[in-house]
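Student: As given, the protein sequences belong to chains P and F, one line each in that order.
In case it helps, UniProt numbering puts the first sequence at residues 1 to 428.
In case it helps, UniProt numbering puts the second sequence at residues 1 to 280.
Across the chosen pairs, the derived CB separations fall in these ranges:
| hint | chain 1 | residue 1 | chain 2 | residue 2 | range |
| --- | --- | --- | --- | --- | --- |
| 1 | P | 360 | F | 137 | 43 to 53 Å |
| 2 | F | 216 | P | 144 | 31 to 41 Å |
| 3 | P | 271 | F | 57 | 20 to 30 Å |
| 4 | P | 286 | F | 213 | 25 to 35 Å |
Bear in mind the hints are in silico, worked out from the structure with no lab data behind them.
This structure is a prediction, so every number in the text was calculated from the model and none was measured.
Beta carbons are placed, not taken as given, at the ideal position from N, Cα and C, and that holds for glycine.
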Amino acid sequence: MSSHTISRRGLLAGAGAIGAGLALSGCATTTSRAGSAQQGGAITLQSDLSSPLAEKAMQALVAAYNKQSKYTVNLNTVAATTYQPLLPTYLTSANPPDIYTWYAGHDAAHYASKGLLLDVGGAWSTMGNYQPALKALSTDATGKKIFVPTDYYWWGVFYRKSQFAKWGLSEPKTWSDFLNACATIKSKGVTPIGLGAGTGNAWVAAAWFDYFDIRLNGADFHRALLQGQHSFTDRRVVDVFTTWKQVLPYFDPNGTAVTWQEASNQLLQGQTAMLLTGTFFADAVPKGSIDDLDFFKFPVIDPSVPDAEEAPTDGLFASSKTHNAAAVLDFMTWMATPAAQNLWTATSSGTVIPANPQATAPSTPLVQKGKAMLDAADQLTQFFNRDSSDALQNTANTALINFIQNPGQLTSILSTWQSQAEQVWKTA
Amino acid sequence: MAATATLGKRMRTIGFHTGASALSLLWFLPIALILVISFRSTDDVLGNGLNALPHSFAPGNYSAAWSGGGMQQALINSAIVSVPAVVVTLLLASMAAFALSRYEIPLRRTLILVMLGGNLLPPQILLVPVAKLSQVFGLYDSLPTLIAVEVGFGLGFYVFVLQGFMRTIPAEIQQAALIDGAGPFQIYWRIVLPLTRPALAALAALSFTWVFNDLLWPITVLVTQSKMPVTPALLSLQGQYVSYWNVIAAGSVIAAIPTVAVFLRFQRHFIAGLNLGAVK
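All chains should be built: construct the whole structure from the sequences, respecting the hints.
Tutor: Here it is as structure tokens:
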């Protein structure tokens, strides 16, 4: 008798569990559908700014927007390491997030060419004061505005003022100054140049390639090269690497083994003297040490080549499948205002320059110096992957790391790079 | 003679203990490093490097990871996923294993081999189909979907192990129950399942740690930050360029607590589970 009750109870429990599961999944899907289909409903801002400082700044920004707007934006922060590979999945999914933090330039244009991005020309109608360069960066091949830049930053050779003073060095301006400085530092028993292209950070080596190329061959050649109009076996690309070879002995011998964050730490501790890096470096500096840091512009190699600088631009684009384009455009318009950008530069690490010329850049000497350097530059480039594609960046990582480790095999490295790059250009 | 023999025995004991202590110390070193880092302040870690001796004591990392880093919500999500996933998997797997081991079902061997074969395939090849199908069915970005996926991917292995175990139960027990008038479900529920308890306990302990520690499926079927379980939440403590390793270390310690607790509670079954795969 008892066996009957127990088996029935078991059966009921099982059925209950399955039923509950189905009911739960039913709930979840209906709510998410209703949320986005409803006109004027909340929109999602997908953000890869996952470092604690940046996430907090982003939360403050979204809260400030929600307070003054009839629309609601929900911030959804995703780990930066998973965001990049998943971005195509987000954009092609049936019910994608509405707005995304990403990079301006060729990378955004690539998604636009597949019809995945919303035309944000409406937001640009209020952005007439933006620099023409930023406007061009935000426009796709068909002339449609697809991107709203919020801020940009710069790259430079960072060093510690106290160290340079101790060695009696001043900021090198020319290539021979730079080589002399390296020799002096090496004679003091300190590694002159840190790299930090270890596991997962191989891309930092591309900064050296970019700078050698824009200093020797100019920004126009550099962009054309990345678009596949020149070959990586070109004589001018070989020049890049022969110049690089002059400083290679001064590089940290473990430069391709340590991560970028370790390399930044070595600079702070005085184990290395210089590091070519972007201003996101400031996040890795403990409070109080930032005042000892300074940077200089990557030395001029050929004075006849007009100056160009790397100025990666960050901002927002939106999915073309959004259910509430009005809210998306409203948020983007707001993000382009000086007020929003001032809030962002004040709450984030404070080493970015707002994209709106009417917004105020942080008044620290470091930012003012960076802004002056970019303003004086004849042309601005983004960065290797932003001027080309993530796929081409992968080929560069392999080639550059291989070159740093085996500079003698340059010829074969470049021909391999060219054949891999051709694959990328063919499939793009 | 006797003296040398005891001396040799003692030497061997000493050797064993020093060797084993040295090995466990070596094994414990990374964990100790994480614990030390989790109590250092951000400025200390950034200024002196990860491997430096601690210059600070900052238990605030734990609250930073717990509330600011979202570990609290993540642990709740992990519990919502892990517990039902383990219960449902074992229930379904034991039913299938019962049928496959106790009855002459046509294509029985093929079925078992397909389940085993499915386990040999790397799950990565199914990432895109799972992501696309969950979107097509409108199940994307929900915890029940994650439970279903975890159940689906665990099932093959558990069925294989459980049917091997159930086969060892003597047929006479089942026949006796049959004579007493028990139906298949009663035989399963009243006879076979209680006898399979050791295997079920071992598998429950193992599958809990597997589901709890899984990273691949959560980031494939989920997209909303507030729904992410512990592993992706830990990942998202890393920044785009700069990571505060002290907070991440504190988060890792928090994330490890449930699995360590399960291990300590079911330690016996873990060891029993080690020879479960050995088919007699």
